[in-house]
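*Asks:* So you can see what is in the structure, the chains are spelled out below.
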Amino acid sequence: MARYGMALDYKNCINCKACEVACKEENGVELGAEKHRIWVGANDVKGEWPLLDIASAAFLPSQCQHCEDAPCQEVCPTNATYYDENHVVRVDSDKCILCSYCMNACPYDARYVDDRTMTVDKCTFCSDTRLARGETTTACQATCPTKVRTFGDLDDPNSEISELLRTREHFSLKAHLGTNPKLFYLT
Amino acid sequence: MPKEISRRRFLQGSVALTVIGSSAMGKTNFIYFKKEKSSIPESITTKTSTKKAEEIPFLCGICVNKCAGFARVEDGVVTKLNPNPYFPKSRNMLCARGNAGIQTTYDPDRLKYPLVRIGERGDGKYKRVSWEEAYNAILHGTDKFKGLLQILEEEKDNRSTIAYCNGEGLSKEGFEVLMGEKIGTVNYVDEVSICLETTLGGYFATIGTYGEADLSNADYLIIAGANRAEAIITPDTMDLFKRSKGRGLKTIVLDPRFTNTAAKADRWYAVNPGTDLAFVLALTYVALSEELYDKAFIKKYGVGFEAYKNHIISHKYTPEWAENITNIPAKEIIKTAREFMSAQSPIYYQGRRSVFSKNDFQLRRAMAIFQGLSGNLNKKGGIIYGEPLELPEEEINSPIYNQAQGRFDKHNIAILSQRAGSWMVFRNMVVEKKSPYPVRAMFMRKHNPIAGVPNSAKTIQFLKQMDLNVMIDILPSDSMMYADVVLPEASYLERTSPVASYGLLEPAIVQRKAAIEPLYETKTPEQIYKELAEVLSKPLFEISKKYDNELQEEVKKRGEKNVYKEDGYILSDAWEKDVAERNRERVVKAFGEDAWKILEEKGVYYSNIEKYHKQVNANEYQYYPENKKKYSVETDNIKLVFNFRHLADIGVDSMPTWKDEYLFSVPEGKFRLITGRHAQFTQSATTNNMMLRDLIHTNYLWINRRIADKKGIKFGDMLEVKSKVGKVTIKAYPTEKIAPNQVFMIHGFGGLSQDMTMAYGNGANDATLLEDIHEPVYGAAVMHETNVEIRKV
Amino acid sequence: MKIGPLSIPLKEDFSLKSILGFEKTPVNMLLALSVIAMLVMLVVGIGNYLIHSHHAYNVTRQHPWGLLIAVYIFFVVSSTGFCIVGSLGDVFGFKDFTMISKRAIFGSIVTILAGFTVIAFEIGHPVTMMIYNVLTPGLTSAIWWMGTLYGLYLTFMIIEFYFLLNNDMKKAKIFGLTGLLVGLAAHSNLGSVFGFLNARTISQGVYYPTYFILTAFITGIFLSFIIMGFRYKLNFNEKTKKLLEGLAKIQGLLISILIFFMTWKLLTDMYGGVPTRSDVAHHIIHTAPFWAEVILVMIIPLLVILKDFGKSPVLMFWASLSGMVGIFFMRYNLVHDTQVKPLQMMKIREYQLSPEWIHYFPSASEIMISLGGLGLCILLYYVGTRAFNLDEEEGH
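Heads up: the sequence lines are chains A, B and C, in that order.
First residue of the first sequence? That's 5 in this note's numbering, and the numbers climb one at a time after it.
First residue of the second sequence? That's 1354 in this note's numbering, and the numbers climb one at a time after it.
First residue of the third sequence? That's 552 in this note's numbering, and the numbers climb one at a time after it.
So that you can see chain A by itself, here it is in the shape it has in the complex:
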């Protein structure tokens, strides 16, 4: 029983996409351009060569935010989307009817259709792979070259993530929607 979250030191991110590939290999994610559980976003740099706006070229890793109040969960007609015992937002593919409501409701574009099961798939925080084996990191965290990610239990005041969130300023994506994400971007 834990309340898992992830802190992202996103300024470290170099958009190498190691996390995305590690996630796919670890979790057997389907290949395909729009089949990804996690990703790194980049904006087109602003300005005209050679006076480009470096600050506009930040990289932002993203994925399911594992919201405390997840819109995807609220809209699921069969409760296929549920919070597991560690507060991780999961999909029970046996119950998923593929109405795609959750895909429309998720403010983060974190869900997609797995064509092999024809159900909705998303980040699981490696719950059914690494965590199930007793490992303490997700695949994306472990592989990251610049060590952007820290995964851990938000309920444990001694965890690294708790320490980070106590001492570093951070923000959440689309916080105004009141979804209470459990991904925290460190500034």
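No lab work stands behind these hints: they were computed from the structure.
C-beta: ideal position from N, C-alpha, C; glycine also.
Any given hint might turn out to be false.
The calculated PhoX-like cross-link candidates involving lysine-lysine, where the alpha carbons are at most 25 Å apart (straight line), are [claimed, not checked]:
(1) B:2077 to B:2145
(2) B:1992 to B:1662
(3) A:50 to B:2084
(4) B:1983 to B:1733
(5) B:1598 to C:898
(6) A:15 to B:1598
(7) B:2067 to C:898
(8) A:39 to B:2084
(9) A:39 to C:898
(10) A:50 to B:2063
(11) B:1509 to B:1786
(12) C:898 to A:178
(13) B:2023 to B:2067
(14) B:1598 to A:39
Quick list of simulated restraints, FRET-style, between CB atoms [stated by the list, open to error]:
(15) A:182 to C:842: 32 to 38 Å
(16) C:876 to A:173: 52 to 58 Å
(17) A:60 to B:1740: 39 to 45 Å
(18) A:162 to C:907: 42 to 48 Å
(19) A:178 to B:1967: 49 to 55 Å
(20) B:2018 to C:826: 47 to 53 Å
(21) A:89 to C:817: 44 to 50 Å
(22) A:172 to C:907: 32 to 38 Å
(23) A:178 to B:1600: 23 to 29 Å
(24) A:60 to C:588: 52 to 58 Å
(25) B:1817 to C:904: 39 to 45 Å
(26) C:909 to A:55: 29 to 35 Å
(27) C:909 to B:1483: 51 to 57 Å
Where chain A lies over chain B, by a calculated footprint (3+ residues, C-beta under 8 Å) [to be verified]:
(28) 1395–1402
(29) 1431–1437
(30) 1967–1977
(31) 2088–2100
Place chains B and C on chain A using the hints.
*Replies:* Chains B and C in isolation, oriented as in the chain A frame:
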């Protein structure tokens, strides 16, 4: 259980979209299911199970960097590659390509069986044969090509009629032993002359080392022409970007393009390509004229400082002078020079990349000198000399071939490298019939010169000209299509490789262990060397005996059996023990039995690893305690050679000097072609990687957005790009990240081999366009001095 | 016909022959052939879907709801509309409207059946849905309420229709009222499927649940003109004329209210300054389907009504056809415009343009299944007219 799209089905789907030739090769494209210890996964990605699984230490081979990891093996299938937290060089990480390495092993297009050519060169028609038949085809030839025996006979045992090439890797040395030492040719070319030869040369000549940049502790960094966010080198990439962006390491990036590294910079200067030398000279001018340098350090280690000072000042390499050349404002140059020299631990990053301009050797010299002026060498936060861990050398019993002739690829080159020569000069001399004796056979391994060496047309001509081409590789590359005999090699997850030593500041030795048995009928490189050597030994010895008088004398004196054995003519004697056994012997000899045990288990060893290695937090580890890191070492290598007099004797400037001929002009309406790397892609071999293809499916031509607007070019439009030596078509990527008179493409796409179904015809290959220009010191290929014209098609 | 205790009064001559025994006019032949073509398309479309599953559709991660959702909404709104119009007479007792009740209630049944047919091939796992809707109901989900209530609604409509056929007006009224209330609840829940979408500011809020009821009523009246037009071959008797005039007047009022609603919705969207709402609203008014909706549903019918306050039933028939095409665009726009703004606005691959507006155009299979739904609807309705007496019984 969800139904997975099987690999076979996926393949069939993709094959249907591509043109499959009527070649015999086409038939071998399909997966051959073989249920043994190793098996092919049912789907492209395999979800790891919750069971315990074997975790086998491996060393990544998808690029040259060498990151360590553990391969998770479940039921004979590698399901995941995880980073190895014990290796100080790669510090518990694997990049996107490293993670996607699984897909190389399970690439459906892999070379699976030995092949012998039955069609014409380049048409991809091959016949599947047994290994024995393949080796014999090399020796005796077929009705389509000549064998080694006939060639050597005709060349009267001039072993140098055989040439060979090999790309970077742990088994490269073995191939050098087979071809250079045992078979006995001098004609060897490799990736160095299309890569970082001048960098290494320049740094060693100037400060006695290439060193390591201690980016964990530096506080000021000029990183020019090195794109560490996209061309990942460890630990540099990791150390740098954890501290950039106002977090302790002020970062100044010079690059014609706005790269992902530039995106992380405090300042980015869009330097005019090939003019970094002027920038460094101007920095030096500021440092010298304002006396900002470390006088004590120069006094102790400097050679020819006064001469250099006079040289710089008298040539008036002022910031204003450099502004016109480099496109970097003088005041920025002055600011940068002052900041650098007043920083506690400044580093002008050495970089390592292909040669972009003819002055590259002098650029490296100037960079090393500028670094030296700060005195920030051999100390924490500076360029580290350090102490590598030494592994015992292995003795090779090399036969002497008196008939073998010497190297000739020194046309217009000042320094002929001791080991491998200049690919471009060598190739051109052979093609232009300027070699003093015919070069008639080419043995290639893990190298794709058609895609790698500028002017692909000439490389193709070179290969076509050979009587015998042999290729040892994993995938059917462009160059493989010109081979007569193809020997399929095990991928790096299927083989144990010779143990290697890495690192200066935190040195370690590392071993790649086979995670699974070789798939299909592939063999490890060392096994191939051995078996080929066994087949060639006796027949080749007979030829030497026929033409080599001295050998005949020896045979008379000592008896054939003894000479054959004692003088190294048993070519396979270098591989009597297998790799694992030799690794054990070397490690035990150097570090003891315990070291071997640790290495076997962890994949990594260094003294006191068990005591020193500690986890600091979830992501980071301590490898050596602070006081055991080799920040400063006692060494005679430290020097700072301002004036390298000897260079003048061979026609090279003894001090870095700017010459007007270095200015490169781009005619109106044309564009300067520049090339580079990408973080999800290494080179031609990775274009066929299914996983990476998802991330970057093809290359595009960067063109300045405003220019594109004027020309009516939109994103994705097809462009024809034409240079003096070739033309390609490629999609357009209008962006502000590039100058108006330049275009850029990632190197390595545009595969010509139909048997790489994902890569074939996908994007464009820069080598087709690049003119064969080389720099004067080593003959290294110059990549950024080609103008192209573009046209919407 | 008797089925157990139930007695269903079929027309005496009802047989395959009576079904095929329509007048072979060119218009009828064309209609018949079109229906057959649409049914063939339904089979082909479904076949394609069964082979390629969702790959047969152009739905994507960014645009998971496509044409079939729009067509489903189109049919269920039509059903609700029929139900409202049908209720005017037998539930609320407006005498002038009683003559259309049976026909409208039957219409509500066939349209919702067509809607269910289409959605069955949009929902990935309809059987799983039926099981887990019951076992693990998602009570916070608008889709659960909508689906469950529509199921109930269909049941009530069938019962009501049964009593109407048997002239048991009292029971018909009870089930009609219950059905109407459940239908309105179901229908506003369908609106709330969009209204609850926090992530999609353009749709989020109270607008769609209420607007759905309004547009359902409008749809019902358009459809009434169409079915009555066919019933009387545009040659209306006085009683029908009176009915249609009344409907036209109501329609004039409803369309005016709709225009009022829409104007304020758009104005507050566009100038309310809410991010991802105002930019989307600006985008929407520059798209052709939006203007198709405005012109076909609002301008043309309203002009026809205003011409002589609804006294031209034939013209209204044609205006209603225009209105129904427009209603289709209205549903399509609702679905598409909800999703038109990407939720993830960054580039996730180097070589792509920054995400801008999401493009969607239905695939052949989606179009075939949609047209198939229409064909099915027309067929069922036509068979109904042959099987049942949908006209008002004499003497009532």
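*Asks:* Tell me if chain A covers the stretch 1395–1402 of chain B under the three-residue, 8 Å CB rule, please?
*Replies:* holds (count 7)
*Asks:* Would you mind confirming whether the straight-line C-alpha gap from residue 50 of chain A to residue 2084 of chain B stays at or under 25 Å?
*Replies:* With a Cα-Cα distance of about 22 Å, the restraint between residue 50 of chain A and residue 2084 of chain B holds, given a limit of 25 Å.
*Asks:* Within 39 to 45 Å: is that where the Cβ-Cβ distance between residue 60 of chain A and residue 1740 of chain B falls?
*Replies:* holds, 44 Å
*Asks:* Given the hinted pair residue 2067 of chain B and residue 898 of chain C, is their alpha-carbon gap at most 25 Å?
*Replies:* With Cα atoms ~17 Å apart, residue 2067 of chain B and residue 898 of chain C stay inside 25 Å; holds.
*Asks:* Has the hinted range 32 to 38 Å been met by the Cβ atoms of residue 182 of chain A and residue 842 of chain C?
*Replies:* holds, 36 Å
*Asks:* What's the verdict on residue 2023 of chain B and residue 2067 of chain B, does the C-alpha distance respect the 25 Å limit or exceed it?
*Replies:* The hint holds at about 18 Å.
*Asks:* Could you see if the CB distance from residue 1817 of chain B to residue 904 of chain C stays within 39 to 45 Å?
*Replies:* The hinted range 39 to 45 Å holds for residue 1817 of chain B and residue 904 of chain C, with Cβ atoms some 42 Å apart.
*Asks:* Tell me if the beta carbons of residue 178 of chain A and residue 1967 of chain B are separated by a distance inside 49 to 55 Å.
*Replies:* Given about 39 Å between the Cβ atoms, the range is violated.
*Asks:* Determine whether the Cβ-Cβ distance between residue 89 of chain A and residue 817 of chain C falls within the hinted range of 44 to 50 Å.
*Replies:* holds, 46 Å
*Asks:* Need the status of pair residue 39 of chain A, residue 2084 of chain B: alpha-carbon distance at most 25 Å?
*Replies:* holds, 24 Å
*Asks:* That 32 to 38 Å hint for residue 172 of chain A and residue 907 of chain C (C-beta), does it hold up?
*Replies:* holds, 34 Å
*Asks:* Using a Cβ cutoff of 8 Å, are there at least 3 residues of the stretch 1967–1977 of chain B near chain A, or does the coverage claim fail?
*Replies:* Coverage by chain A holds for the stretch 1967–1977 of chain B (4 residues, Cβ < 8 Å).
Of the numbered hints listed earlier, those contradicted by the structure are 14, 19.
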